[in-house]
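Chemist: Residue numbers (my numbering), protein chains in the order written: chain A, 1321 to 1694; chain B, 57 to 154.
Worth flagging that the hints you see were computed from the coordinates, not collected in a lab. Among the hints, erroneous ones may be present.
Claimed, not checked - Straight-line distance between alpha carbons at most 25 Å, and here's what the computed DMTMM-like set of lysine to aspartate or glutamate pairs gives:
1. B/Lys135 to A/Glu1378
2. B/Lys135 to A/Asp1461
3. A/Lys1415 to A/Glu1378
4. A/Lys1479 to B/Asp144
5. A/Lys1479 to A/Asp1461
6. A/Lys1686 to A/Glu1668
7. A/Lys1331 to B/Asp102
8. A/Lys1415 to B/Asp144
Predicted, not measured: the structure shown is a model, and the values here were computed from it.
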Amino acid sequence: MSAESLVNQLKSGLDAPICLTWELTYACNLQCVHCLSSSGQRDPHELSTAEAKRVIDELRDLQVFYINIGGGEPMVRRDFFELVEYSVAQGIGVKFSTNGAFIDAEKARRLAGMDYLDIQISLDGVDAATNDAVRGAGSYDMARRAMDNLAAADFGPFKISVVVTRQNVPQLNQFKALADSYGAQLRVTRLRPSGRGVDSWDHLHPTNAQQREIYQWLMAHGEGVLTGDSFFHLNALGDPLPGLNMCGAGRVVCLIDPVGDVYACPFVIHDEFRAGNVRDPGGFSAVWKQSELFTSLREPQSAGACASCGAFDACQGGCMAAKFFTGLPLDGPDPECVGGDGEVALAELAAVPVLLKPRPAADHTKPDRRPVLT
Amino acid sequence: MSTDLLNDLLGRSLELHPQAAVRPEPFGALVYHYGNRRLVFLQHTDMVAVARALSQHATLADTLEACGVDQRRWPSFAKAFESLLNSDIVRERTTDER
Ligand SMILES: C[S@@+](CC[C@H](N)C(=O)[O-])C[C@H]1O[C@@H](n2cnc3c(N)ncnc32)[C@H](O)[C@@H]1O
Ligand code: SF4
Ligand code: SF4
């Protein structure tokens, strides 16, 4: 079977997700301007420990190999370690993403003692000025302290996870050097206009010239830098980047949010992409296998305005979330289309007098601390 | 693949790595290695049967034979198993372990 037919198979869906993100809480000590989940306050309807364990049991029965835990800040949940340990005991590996605030020396040692656990520390600038402009005052030091503690505890190769922005594209080499200095693995992913990112994306997303720079840089680093396969829209520039070249939403990817809502992907927290809830009869498994939304996402999608573009096979029209939250049609070019078609479409949209861009659902921003761009 | 390399692979005693888990899928199977975190797609349904039967037969060739895989397809299987060996999803079986 060729790579192409594998992609076609994957598009029609799998028996269980490959890449399942589970946001344990909307509570967060930070208020990043780009936060995809608009986190801040805890949601009173958050899944209880017992409910969370039932979800883990279900994932075990579905033979999910590992879960990506996020949030909010997952470590603020009091049962964080209990849930991670429970998951690993059920044979489900855990990768979790954190801003590092709660990884002190003692927690670092505890984490280092656990098997099948991967940690991603988020950092969006190689210096405090660049990072803190996005993630808030003090967040750079917080992340570095967590890295130092993990290194001191001999955790092994943790990951440093960077969302690529207009401001930090020139720092890619320095991020790599920083990761190397810790023996850590660098992960760079694409900024999406999701959550609070809806309002900051215009200011933060890389320019068209920078898209090329990112592509060249990723090509040069190959499999040595992780990307979560998030930059496939850049494949229109030439040879494909390593990894799966497709939008996995509802097909191989999905999100369980803190209140148990299941969305097609972590970047589309909006009613239109809500497939169901793990508390519904039939649980997560019924949502994954039978929901109307996921069934329709697994059907062949139209290439729409991209059909006449020679690069469509390479870039697949890009990211559904990026199109949706910038107000573009889902069957047209990505807003960051390297051919420039997205920019044209965005400009046309801006010319329309009443602009109805969709707003993300579930805003948990702390009202007194709504972040402002500086 | 050269004939030498092919014969070498076919003659090896292999087994699935104990830390690798196989999940059947409509297209074949997904294999995940909990140790090195590699995820591999097995793109034939009979690859799954072969991978699971490896440890019950002396060599890869014997396994292919036992699973009823047509000889003409052996080179493509050998190639697939070469990459599984490289990612440590499948490993060399040492006789003293059995
Ligand atoms: C939402 S956070 C949750 C876990 C934890 N609070 C943290 O910051 O790592 C998970 C990851 O998503 C990244 N992220 C946040 N907003 C994003 C956006 N709009 N596009 C892409 N990634 C984003 C964060 O930087 C972080 O690396
Ligand atoms: S991205 Fe920032 S605001 Fe959002 S959950 Fe992570 S640390 Fe909190
Ligand atoms: S919507 Fe975008 S982020 Fe989500 S799976 Fe598709 S391409 Fe990836």
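Chemist: Output the indices of the hints that this structure fails to meet, ascending.
Modeler: 1, 2 and 6
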